[in-house]
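What follows is the residue order along each chain.
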Amino acid sequence: MTTDFKHLQAAHCENGVTVNLLKSIGVNKITEPLAFGIGSGLFYIYIPLLKINNGPAIAFRTQPGLIFKRTCKALGIPVVRKKFSSKPEAEKFLQSCLDAGQPVGCQVGVYYLSYFPKEYRFHFNAHNLIVYGNEGDNYLISDPVMENTTTLTRYELERVRFAKGALAPRGQIYFPTEQKIITDNVMRKAIKSGIKRNADDMLNIPMFFIGVKGIRYTAKKIKSWRDKLGPKDAGLYLAQLVRMQEEIGTGGGGFRYIYGAFLQEAYAYLPNDTLLESSKLITQAGDLWRSAAVQAAGIYKGRIGSQADFDVMGDYLLEIAEIEKKAFESLSKIKWQ
Amino acid sequence: MKKEDIPQDNSALNNFSKEVVYAVDKDGKYTTDLSTGWEVKTTALDVAWNDIEQRIATAKQKVLNKEASPLLFFMEYRLMDLAIVSAYSGFWKWTIKQHLKPAIFEKLSDKKITALRRNI
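Heads up: the protein sequence lines correspond to chains A and Z, in order.
Adding 61 to a residue's 1-based position in the first sequence gives its number in my numbering.
Adding 3 to a residue's 1-based position in the second sequence gives its number in my numbering.
Hints are computed from structural coordinates only; laboratory data are not their basis.
Treat the numbers as computed from the prediction; the structure is a model and nothing was measured.
Think of the CB as a built atom: it goes at the ideal place given N, C-alpha and C, for glycine as much as any other residue.
Please note that the accuracy of each hint is not assured.
[As the list claims (entries may be wrong)] Pair by pair, the computed Cβ-Cβ distance ranges are:
hint, chain 1, residue 1, chain 2, residue 2, range
1, A, G137, Z, D8, 23 to 31 Å
2, A, A369, Z, N18, 20 to 28 Å
3, A, K257, Z, T98, 46 to 54 Å
4, Z, E42, A, R182, 18 to 26 Å
5, A, K130, Z, K96, 51 to 59 Å
6, A, P109, Z, K115, 51 to 59 Å
7, A, R182, Z, T98, 21 to 29 Å
[Stated by the list, open to error] Per the computed footprint, the stretches of chain Z lying under chain A, defined by three or more beta-carbons under 8 Å from a beta-carbon of chain A, are:
hint, segment
8, 18 to 28
9, 45 to 56
10, 103 to 113
[What the hints assert, rightly or not] Lysine to any residue pairs mimicking SDA-like chemistry, simulated, CA-CA at most 20 Å apart:
hint, chain 1, residue 1, chain 2, residue 2
11, A, K362, Z, D12
12, A, K179, Z, D36
13, A, K179, Z, F19
14, Z, K32, A, P332
15, Z, K96, A, L111
16, A, K179, Z, E56
17, A, K90, Z, T34
18, A, K179, Z, M4
19, A, K148, Z, L16
20, A, K341, Z, Y33
21, A, K148, Z, G93
22, A, K362, Z, I55
23, A, K144, Z, L67
24, Z, K29, A, E308
25, A, K179, Z, W52
26, A, K179, Z, N17
27, A, K179, Z, L16
28, A, K362, Z, Y91
29, A, K362, Z, N53
30, Z, K21, A, K148
31, Z, K32, A, E338
32, Z, K29, A, Q345
33, A, K148, Z, A90
34, Z, K5, A, K362
35, A, K341, Z, G93
36, A, K179, Z, N53
37, Z, K21, A, E208
Hey, can you work out the whole structure from these sequences and the hints?
Here's what the structure looks like:
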């Protein structure tokens with residue numbers, strides 16, 4: 062049993078699942094950057110006091126699940142999303158979808174994901190993939206971050222669908238249900254509201270560790286890490302920051318490049334020069350994030366490590382905060398025609 | 004980032020998959036390309052794994068010295084913290100803390116040991 066499905070690789074898993082599931086119901090206008098932008102995917106948060114894998118809890122993107130939800134909502138496409146407490150029920154529902162020819166998105170944990178290289182298998186439960194059929198005892202899997210499709214046995218799929226811990230997927234399954242004709246007008250509206258919400262998220266959430274303020278807060282923290290944590294743990298913290306920022310799924314530069322691409326694609330629908338100028342600023346921010354990563358690498362490799370080196374790293378983030386502030390302020394002030 | 008600057012370094016992704024990276028072409032227009040990896044993040048991942056290996060080695064020594072129960076070793080080996088062990092095993096975090104003490108661990112019933120073993 063296999064559904065009519067075409068695998069397309071993406072930088073980020075949830076974007077990729079969104080794009081590919083929409084394509085499976087005949088919605089072809091949504092590219093990865095458009096899904097990311099309409100879903101207001103760009104974000105920054107450094108959660109104080111919380112530790113993940115013995116390091117800082119930092120994210121460069123919005124909460125898992127929101128990109129799919131917001132994109133479908135903005136396009137007026139109804140979705141089904143289900144969680145399960147029973148494993149057999151979860152499997153039965155999955156099978157009934159596949160029997161009906163419906164490929165589905167699944168939230169899974171990475172730790173037991175057998176086809177991932179060992180080095181990437183941490184207890185991270187917000188990965189997304191598509192199940193698009195079965196072949197004997199195996200499920201056919203389209204993991205958007207991979208070049209090719211793969212398979213999982215029933216047991217393997219059940220295990221990752223019911224991974225435990227933070228953000229436990231609880232068998233979560235989701236898919237868009239109804240094909241709608243997406244007019245350019247709908248696209249324009251979706252893009253505008255995606256940008257507005259993203260600007261709000263980066264500028265206006267009144268908490269010191271979120272958005273542009275969060276980047277500044279991190280800058281201050283980094284400058285204190287060397288004294289507070291000692292060189293070894295400070296290096297570990299920086300390495301974790303770099304992984305959250307650059308690892309597979311980000312498209313590079315902490316998702317900033319995908320957002321830059323979104324603003325350019327948005328211009329095709331809404332020719333307003335501010336979009337192109339902001340795209341340039343966001344690209345510049347992405348480049349600076351990468352320069353900061355190079356500086357961090359110098360520290361965790363032990364090549365450099367004085368307080369001045371940590372200060373340079375922190376100053377990169379201060380500069381980034383200013384640039385992202387400027388970009389999102391001009392985006393939020395656009396007077397749409 | 005410019006397209007020609009997309010790094011093609013060694014990484015744990017070699018022989019597995021390449022990843023999609025976004026960059027601008029010479030006209031400043033966004034495009035994508037595949038990358039084999041970037042040395043900066045490969046090292047970041049190495050740093051994380053070196054730390055894990057150290058934690059496992061420390062846990063092993065503690066178990067051998069009878070300062071901790073074998074549970075600590077398996078916890079570190081499976082990259083788990085108390086919250087994750089608790090989520091998988093169904094035991095309270097407080098209970099797991101007790102199980103980490105050798106004297107208490109030795110007295111655990113077979114049933115509890117099996118529950119821990121199955122889930123860690």
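Here is how each hint holds up against the structure:
1. Against the hinted window of 23 to 31 Å, the Cβ-Cβ separation of G137 of chain A and D8 of chain Z comes to about 40 Å, which falls outside the hint.
2. Remark: the range hint 20 to 28 Å for A369 of chain A to N18 of chain Z is contradicted by a beta-carbon distance near 40 Å.
3. Distance hint for K257 of chain A and T98 of chain Z: a CB-CB separation of about 48 Å, consistent with the stated range 46 to 54 Å.
4. Under the hint 18 to 26 Å, the C-beta atoms of E42 of chain Z and R182 of chain A, about 21 Å apart, fit the expected range.
5. The hinted range of 51 to 59 Å is not satisfied by K130 of chain A and K96 of chain Z, whose Cβ atoms lie roughly 32 Å apart.
6. Checked against the hint of 51 to 59 Å, the C-beta distance between P109 of chain A and K115 of chain Z comes to roughly 36 Å, which is inconsistent with it.
7. Hint check: R182 of chain A to T98 of chain Z, Cβ distance near 27 Å, so the stated range 21 to 29 Å holds.
8. Check result for the segment 18 to 28 of chain Z against chain A: holds, 9 residues qualifying (beta carbon to beta carbon below 8 Å, three or more required).
9. Given a C-beta distance limit of less than 8 Å, the hint that chain A covers the segment 45 to 56 of chain Z holds, as 7 residues qualify and 3 suffice.
10. Given a C-beta distance limit of less than 8 Å, the hint that chain A covers the segment 103 to 113 of chain Z is violated, as 0 residues qualify and 3 are needed.
11. Under the criterion of a C-alpha separation no larger than 20 Å, the hint pairing K362 of chain A with D12 of chain Z is consistent with the structure, at around 17 Å.
12. Between K179 of chain A and D36 of chain Z the alpha-carbon distance is near 24 Å, which puts this suggested pair outside the 20 Å criterion.
13. This hinted pair checks out: K179 of chain A and F19 of chain Z have alpha carbons roughly 11 Å apart, not beyond 20 Å.
14. In summary, the hint linking K32 of chain Z to P332 of chain A is supported, as the alpha carbons are separated by about 15 Å, within the 20 Å threshold.
15. A distance of roughly 17 Å separates the Cα atoms of K96 of chain Z and L111 of chain A; the hinted pair therefore holds under the 20 Å criterion.
16. Proximity of K179 of chain A to E56 of chain Z is assessed by CA-CA distance (about 14 Å); at most 20 Å being required, the pair is judged to hold.
17. Simply put, K90 of chain A and T34 of chain Z have alpha-carbon atoms about 17 Å apart, close enough for the 20 Å limit, and the pair holds.
18. With a C-alpha separation of about 29 Å, the suggested pair K179 of chain A and M4 of chain Z falls outside the 20 Å cut-off, and the hint is violated.
19. Annotation: proposed proximity of K148 of chain A to L16 of chain Z is violated, straight-line Cα distance about 31 Å (limit 20 Å).
20. With a C-alpha separation of about 10 Å, the suggested pairing of K341 of chain A with Y33 of chain Z holds against the 20 Å cut-off.
21. Distance check on the hinted pair: K148 of chain A and G93 of chain Z sit about 16 Å apart at the alpha-carbon level, within 20 Å; holds.
22. For the hint linking K362 of chain A to I55 of chain Z, the alpha-carbon distance of about 16 Å falls within 20 Å, and the restraint holds.
23. Distance hint between K144 of chain A and L67 of chain Z is unfulfilled; the C-alpha atoms sit about 43 Å from each other, more than 20 Å.
24. For the proposed pair K29 of chain Z and E308 of chain A, the alpha carbon gap of about 25 Å is over 20 Å, so the pair is violated.
25. Taken as a hint, the K179 of chain A and W52 of chain Z pair is honoured in the structure, with Cα atoms around 11 Å apart against an allowance of 20 Å.
26. The hinted pair formed by K179 of chain A and N17 of chain Z meets the criterion: a straight-line CA distance of about 12 Å does not exceed 20 Å.
27. As the CA atoms of K179 of chain A and L16 of chain Z are separated by approximately 10 Å, the hinted pair is consistent with the 20 Å bound.
28. Between K362 of chain A and Y91 of chain Z the alpha-carbon distance is near 35 Å, which puts this suggested pair outside the 20 Å criterion.
29. Annotation: proposed proximity of K362 of chain A to N53 of chain Z holds, straight-line Cα distance about 12 Å (limit 20 Å).
30. Straight-line distance between C-alpha atoms of K21 of chain Z and K148 of chain A comes to about 33 Å, which puts the hinted pair past the 20 Å bound.
31. With a C-alpha separation of about 12 Å, the suggested pairing of K32 of chain Z with E338 of chain A holds against the 20 Å cut-off.
32. Taken as a hint, the K29 of chain Z and Q345 of chain A pair is honoured in the structure, with Cα atoms around 15 Å apart against an allowance of 20 Å.
33. A hinted pair counts as satisfied when its Cα atoms are at most 20 Å apart, and K148 of chain A with A90 of chain Z qualifies at roughly 16 Å.
34. Restraint check for K5 of chain Z and K362 of chain A: not satisfied, since their Cα atoms lie roughly 26 Å apart, outside the 20 Å limit.
35. Using a Cα cut-off of 20 Å, the hinted pair K341 of chain A and G93 of chain Z is violated, with the two alpha carbons roughly 50 Å apart.
36. Under the criterion of a C-alpha separation no larger than 20 Å, the hint pairing K179 of chain A with N53 of chain Z is consistent with the structure, at around 14 Å.
37. At most 20 Å may separate the alpha-carbon atoms for a hinted pair to count; K21 of chain Z and E208 of chain A meet this at roughly 7 Å.
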